[in-house]
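Visitor: Sequence:
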Amino acid sequence: MENLHVYKDYHDISINGIYHDKSQNILKLLCDNSQEIIFSNILQFEFNFFSDQNVIFEINSYKTNELPVPIMEDYPFLKNYINTDLLIFYINSSVGLSGVIICENKYK
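Residue numbers (full-length UniProt numbering): 1 to 108.
Keep in mind that a hint or two might mislead.
[To be verified] List time: in silico DMTMM-like cross-link candidates among lysine to aspartate or glutamate, alpha-carbon distance up to 20 angstroms:
no. : residue 1 : residue 2
1   : Lys79     : Glu46
2   : Lys28     : Asp12
3   : Lys79     : Asp52
4   : Lys63     : Glu46
5   : Lys22     : Glu104
6   : Lys22     : Glu36
7   : Lys22     : Glu46
8   : Lys28     : Glu104
9   : Lys28     : Glu58
Honestly, the hints are just simulated from the structure, not real lab data.
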C-alpha cells in the first residue's frame, strides 16, 4: 500500500472552518493564523466530528487503488472511485475533524 505523501507541515494545525466554493470547485480548510489549505477540482468530500477543537495529526494522499482498508471501511462510498486517476486525501486528526477529499490535484 503506497502512501503518496504525508503532509507533515500541517501537523498540529487547528481547522477553524470549512469553505466550499462551488463556482470555482475548490475546498478551503480555514486554519489558525489565517492559513488555508486549499484543494481544487473537488469531486466529493466527507467530514466527521467537526467540533470546537479540530487538530490535524497529518494529511495523507493515496491513489484510489491503494487506499488502506480502515479508510475504505470508514468511507464505503470510496469504492466508487477505485481504479481511477483521482487522488484521495485523508485528514487524520489528533482531535475533532477527520475526513476524505477526492480531487484531481491539490495546491496550497
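Visitor: Hinted pair, alpha-carbon criterion (20 angstroms max): Lys63, Glu46. Please report holds or violated.
Guide: holds, 17 angstroms
Visitor: Please work out if Lys28 and Asp12 have their alpha carbons no farther apart than 20 angstroms.
Guide: It holds: about 17 angstroms lies between the C-alpha atoms, which stays within 20 angstroms.
Visitor: Below or equal to 20 angstroms on CA atoms is what counts here, so check Lys28 against Glu104.
Guide: holds, 15 angstroms
Visitor: Taken at face value, is the distance from the CA of Glu36 to the CA of Lys22 at most 20 angstroms?
Guide: holds, 17 angstroms
Visitor: Take a quick look at whether Lys79 and Glu46 sit within 20 angstroms of each other, Cα to Cα.
Guide: holds, 14 angstroms
Visitor: Please verify whether Lys79 and Asp52 have alpha carbons no more than 20 angstroms apart.
Guide: violated, 31 angstroms
Visitor: Is the hinted pair Lys22 and Glu46 satisfied, with a Cα-Cα distance of at most 20 angstroms?
Guide: With Cα atoms ~15 angstroms apart, Lys22 and Glu46 stay inside 20 angstroms; holds.
Visitor: Lys22 and Glu104 were given as a pair; does the straight-line alpha-carbon distance stay at or below 20 angstroms?
Guide: Holds: Lys22 and Glu104 sit about 15 angstroms apart, inside 20 angstroms.
Visitor: Need the status of pair Lys28, Glu58: alpha-carbon distance at most 20 angstroms?
Guide: Since the Cα atoms of Lys28 and Glu58 sit roughly 16 angstroms apart, the hinted pair holds (cutoff 20 angstroms).
Of the hints listed earlier, the one the structure fails to meet is number 3.
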